[in-house]
Amino acid sequence: MSAPSKSHSLPADAATEEQRIALDRVSKVFGRVAAVRETSLEFIHSRIYVLLGDNGAGKSTLLRMMAGLAQPTSGSITLHGYTRERMGYMAHASLLYDELSGMENLRYFAQLYGMAANTDAVSRCAGVMSSVALDPALATPVRDYSQGMRQRLSLARAMVHSPQVLLLDEPFSNVDAASASQMTALLSKLRHAGCLIVLVTHQLSVVKDVGDEFITFRAGQLISSRRRGQLRPTDIIQ
Amino acid sequence: MRRDQTILAVITLGLLAYGFYQAIYVAPTEQTMGDIQRIFYYHVPSAWTAGVMFFVNFAASLVYLVRLSPGIAKVSGMIGNIVATICVIATLLLRDPLYTWTVKFWLVFSIAVLYFLFWRLAKHTSQGRADAWAVSAAEVGVVFCTIVLITGPLWAKPVWGIWWTWDVRLTTTLVCWMIYVSYLMMRKFSDSSQTATLAAALAVFGFLDVPIVYMSIRWWRTQHPAPVFASQGGGIDPAMEHAVMMNWLAFLCLAGLLAWMRYTLDRRRQHLDYLHTMEALSVSDPARRPTELKGIR
Amino acid sequence: MSASTNSSGAILRANLAKDLRLEWRSKDALNAMGFFALLVVVIFALSFDPTAEESRRIAGGIFWVAFLFAAVVALNQTWAREMRNQVLDAYRVSPASASALFLGKVLGNFLFVGAIEAVVAPLFMVFYNLRPLGPAWQLIVVFLLGTWALVANGTFFAALSLRTRNREVMLPLLLFPISVPALLSMVEATTTILAGDGSAGMWMKMLAGYDVIFTVAGLLLFELVMNAE
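Residue numbers (this note's numbering), protein chains in the order written: chain A, 320 to 557; chain B, 222 to 518; chain C, 874 to 1102.
A hint or two may mislead.
Derived CB-CB ranges, DEER-like [what the hints assert, rightly or not]:
id, chain 1, residue 1, chain 2, residue 2, range
1, C, M956, B, R223, 21 to 29 Å
2, C, E1102, B, R439, 37 to 45 Å
3, B, I303, A, G400, 33 to 41 Å
4, A, G446, B, L496, 36 to 44 Å
5, A, D531, B, F276, 55 to 63 Å
6, B, L486, A, K508, 56 to 64 Å
7, C, L1006, B, L405, 42 to 50 Å
8, A, D373, C, L996, 40 to 48 Å
9, C, A991, B, I307, 49 to 57 Å
10, B, G382, C, E926, 53 to 61 Å
11, A, A512, C, A991, 26 to 34 Å
12, B, L486, A, A512, 51 to 59 Å
13, A, A504, B, L486, 57 to 65 Å
14, A, T459, C, M956, 32 to 40 Å
To spell it out: a stretch of chain A is covered by chain B in this simulated footprint if at least three of its residues, at any positions, have a beta carbon under 8 Å from a beta carbon of chain B; those stretches are [stated by the list, open to error]:
id, stretch
15, 369-375
16, 477-486
It is worth saying that the hints were derived from the structure and are not from the lab. Beta carbons: idealized from backbone N, C-alpha and C, even for Gly.
With the rest of the complex left out, here is chain A:
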């Protein structure tokens, strides 16, 4: 494995033209309900994609399939120029241990990505933590974090191994406006560094200035896909 600990700065230094994720007629059925229905999409590097839609529209399921946590019932997801190791995933749940502090959580997950438990990894984790405006020295267990802090730590966990792809499920839920704008600033910084970001959200207002493409789902089906600026009020059904 190429040492990810080296890249202190920003990830995806060598984004090339063929780096993309292709979804070919992907469907996912649970029992008798189709969560995702024959969806074909292409996600290209250095862009932020925003998946919009009601609850149960299939956005989260799509993200889980892209992360490799669920297998599509039919269709295929192909990674071009990406590997699963260089993907970061932030779920609706926090994916954190409540009993551990923020730094302990990050260091554990860094080790899962092959970063040794040395000072390099520690400074990498501390850097990630500061980038989401959390104090690395904070010894409070995650249990006692506020919802906004927890979300930011979740984001930090997803990017601890400097991923080239970030899959974020509702990153701004219960996050105060200041934290949200910090997070969006970070995301757009990552995007300019070549990172591919796919995020699911209800709060269009938070991302309408940073998102590049806005994809709307309804009942598992792709309804529309628009560039920023072409977004119409009818695309978002609350």
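Assemble chains B and C onto chain A, guided by the hints.
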């Protein structure tokens, strides 16, 4: 019922009737136990049949696991062929008069046949089929195992004077029954869309456990007084042996028929799942249906 | 490749350290299991006269049954921890191997159950007025092998039960039938050593064989169980 199943059903009925006639009328009455011994003509074949069914469950589960990845299926097919070839060559060499040919020949020959059949099957049986065979065999096996556990005490009470004793075979049968009941319960309670995979893993654990259970209980019992058997060893009347074998054949056919029917049912359930999936995706045109559907076909 | 074995060793260590730290912070498993084992031992002592000479004969059985039940409590706890906040998903998206998680959990559970045994066993000896008439060091070997047998299978089946409804009930249903030979070996070995008649060597070999077979099977099959949806 399918036509070939009807034919098998008729054959099974005939065999069962013949076996009944042999067991009740033809076989001589046992000297010390009397007519009660005739329950053996049902008890013993049931036990053997249950054993065969549990083996089928294990084999089908292994096939399922092997089929999880096409690479493993290919490699295991190759290994199976090589092992089978080596076994056949070894069997031929073992015909050397220096060896007692019966034991070793049959041992190696049966290994060869099992490997060959199993790995050929592994290469050509789909996951859906393998899983359907696994669940059918386990259910029928549990039924026959239950028959063994009921007929055993019925015989033991008048002959030994006790309903139950913690003898090797009795205890092993009981534990075996518990293992496969827990297997079926796990399938029933499973909340996963990959029940078949979990069940296959459990089946491997269960089958690995059976010989260990047998050995441990044998050692356990040798340290404790064994129950006094009414009749120990001795020659068995050919008519008795004939009755046992005929009944075993009949029971195997019956078990096979039941498992086959259960298999057909499970395949229909799988097909229904497939149709539900298609309906959910609102693909009514068969030509547009995705050909490659994970976990169903 | 040495680099990959190194890193999977490091991941195993990371998993174990994380489990120990979590347990140290919450003490969920240790408290529940320890108290539970103590209760079972006391209840058995009240049900059977512990001062009678026969109690020496059944002491091994009571002890191991208590720990079989207690281990179930601990095993459910350690996986419940991975399900809270769906942390297991974070493990599954990472490149870390499933067997490192399995082995880490087995080692962690082994330490927890072993620690409680180390506390309860002397208490048990006092309650039942026991002293081993056979070689006492063998008791330690039996304890190590027996505990490994319980937790190796238990960890696997607890992970399997995660994918079922009413998973807390499912674990004993799956674990107990499979554990019969291991339980028999532990009980017989312990009783033999306590009573000092004959050798427990055969039972210890049996336990060792059981441990090897089911640890290997668990390592091979755990990835399937972990990745089941």
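How the hints compare with the structure:
no.	hint	in the structure
1	C:M956 - B:R223: 21 to 29 Å	violated, 44 Å
2	C:E1102 - B:R439: 37 to 45 Å	holds, 42 Å
3	B:I303 - A:G400: 33 to 41 Å	holds, 40 Å
4	A:G446 - B:L496: 36 to 44 Å	violated, 53 Å
5	A:D531 - B:F276: 55 to 63 Å	holds, 59 Å
6	B:L486 - A:K508: 56 to 64 Å	holds, 59 Å
7	C:L1006 - B:L405: 42 to 50 Å	holds, 44 Å
8	A:D373 - C:L996: 40 to 48 Å	violated, 59 Å
9	C:A991 - B:I307: 49 to 57 Å	holds, 50 Å
10	B:G382 - C:E926: 53 to 61 Å	violated, 29 Å
11	A:A512 - C:A991: 26 to 34 Å	violated, 53 Å
12	B:L486 - A:A512: 51 to 59 Å	holds, 57 Å
13	A:A504 - B:L486: 57 to 65 Å	holds, 59 Å
14	A:T459 - C:M956: 32 to 40 Å	violated, 23 Å
15	369-375	violated (count 0)
16	477-486	violated (count 0)
Going down the numbered hints, you'll see the structure goes against 1, 4, 8, 10, 11, 14, 15, 16, while the others check out.
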